[in-house]
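Peer 1: Below are the chains, spelled out letter by letter.
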Amino acid sequence: MTTRDWPLWEVFVRARRGLSHSHVGSLHAPDAEMAVRNARDVFTRREEGVSIWVVPAAAISASSPDEKDAFFDPAADKVYRHPTFYSVPAGVEHL
Amino acid sequence: MYGNHDTTSVPVEAPAADDPTFDRDFMALIDDDGRVEPRDAMPDAYRRGLVRQIAQHAHSEIIGMQPEGSWIGRAPSLKRKAILMAKVQDEAGHGLYLYAAAETLGVDRADLLDRLHTGRQKYSSIFNYPTPTWADIGAIGWLVDGAAITNQVPITKCSYGPYARAMVRICKEESFHQRQGFEILHTLSHGSPQQHAMAQDAVDRWWWPSLMMFGPPDDDSPNSARSMRWGIKRFSNDELRQRFVDMTAPQSHALGLSLPDPELAFDALTGHWRYGEIDFTELFEVIKGNGPLNAQRMAHRTDAHERGDWVREAALGYAAKHARTEAVA
Ligand SMILES: [Fe+2]
Ligand SMILES: [Fe+2]
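The listed protein sequences derive, respectively, from chains A and B.
So the first sequence is residues 1 to 95, counted in the working numbering.
So the second sequence is residues 1 to 329, counted in the working numbering.
Keep in mind the hints are simulated off the structure, nothing from the lab.
The beta-carbon is built from N, C-alpha and C at its ideal position, and this holds for glycine as well.
Incorrect hints may appear among the rest.
[As the list claims (entries may be wrong)] In silico negatives: residues of chain B with every beta carbon more than 12 angstroms from chain A:
no., residue
1, Y97
2, P193
3, Q194
4, A197
5, W208
6, D238
7, Q251
8, A299
9, E313
10, A314
[To be verified] Here are some of the chain A residues that sit facing chain B, going by a computed Cβ distance under 10 angstroms:
no., residue
11, R4
12, D5
13, A29
14, P30
15, A32
16, M34
17, F43
18, R45
19, S61
20, S64
[What the hints assert, rightly or not] Chain B stretches covered by chain A per the calculated footprint, using a threshold of three residues with CB under 8 angstroms from any CB of chain A:
no., region
21, 39-49
22, 107-115
23, 215-226
Can you build the whole structure from these sequences, using the hints too?
Peer 2: Written out as structure tokens, the structure is:
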């Protein structure tokens, strides 16, 4: 009630070896070590992970949702970046 | 959520297309069954409604630890004790997922807790009933968690991304909660005559409050229309209640226990179980704070919070000290 809340951390979990870490949620903790321990208790109680990353939420920079159209539009008219853009003569395989 | 009865809010009409505040882009996204994400522009009422609902849901998860937590030290075997501890720990986690989801809408957890402690936000009334016997733990798992799951599964598809994602995790974990409750009742019901009577007594006491967890009848639920229009709620209170009755009525036969409703009967015409009229006057009394344990639950909650204050402060002090030493090194 008197103390301000602990800082917020974003939690990333590697579900198993061979996969990348994925965002699973966030939690409050006083420091990185406690954030990792709390993340273990909160997000991997049923063996959901083999590795945890925590990142101070305040340290994340993100693209702005307001500019998402202008920001991502340049990719929209470049269909030639996809293999489906190209026509392949009948009978050609493994291309 | 644990209860659908959203009693703290002022009824607001569903937005109409000619409303000047109507946000066309936003509604197009909703109509397209798209997902709203934290930093998106959203109508103020949508944001406020979500904060209130998610907070009330989070509060219910952590207050819900009390009725069961009181039995951890008295569980009848080590196995039952380990199971109950795992369940209560899950509920703490559910509270945490939900507070985090609420925080993505720009509120602080500390502030939400403060609103709970000062009575400005509610939790589900179901947790204001006592748990006098071990069979109550069975009845809570089977009926209260069962009703909660029925309410929560549709929220995994709600329009607000973080709430939906939190609910996916919660629903996965809830499935064991209901089964362990069912198993407790099944064991008692097939035990000694005294154990059977204890199981029956608990079910008799929890049945009607569980049905009330779905909230007031549809014609008496002013917020539902707006919630449904916004894709936060997918089914009406009465639809969910019916789904719950259809699920649990046959299970009671397997338990060898009866449900305390003489009008409960399967209707072959509709394929649904009919049930008797629910006396909501009791629910509204409990919501108003006149339930058996409202005061005790709140006192326990604020006391635990206040007594934890020095721990939160010490941990911050420790972190600050280490940050300083690292900066020097
Ligand atoms: Fe829960
Ligand atoms: Fe549960």
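Peer 1: Run every hint past the structure and note whether it holds.
Peer 2: Now the hints, each set against the structure:
no. : hint    : result
1   : Y97     : 6 angstroms, violated
2   : P193    : 38 angstroms, holds
3   : Q194    : 36 angstroms, holds
4   : A197    : 36 angstroms, holds
5   : W208    : 33 angstroms, holds
6   : D238    : 33 angstroms, holds
7   : Q251    : 25 angstroms, holds
8   : A299    : 15 angstroms, holds
9   : E313    : 5 angstroms, violated
10  : A314    : 9 angstroms, violated
11  : R4      : 7 angstroms, holds
12  : D5      : 4 angstroms, holds
13  : A29     : 8 angstroms, holds
14  : P30     : 4 angstroms, holds
15  : A32     : 9 angstroms, holds
16  : M34     : 7 angstroms, holds
17  : F43     : 8 angstroms, holds
18  : R45     : 7 angstroms, holds
19  : S61     : 12 angstroms, violated
20  : S64     : 8 angstroms, holds
21  : 39-49   : holds (count 3)
22  : 107-115 : holds (count 4)
23  : 215-226 : violated (count 0)
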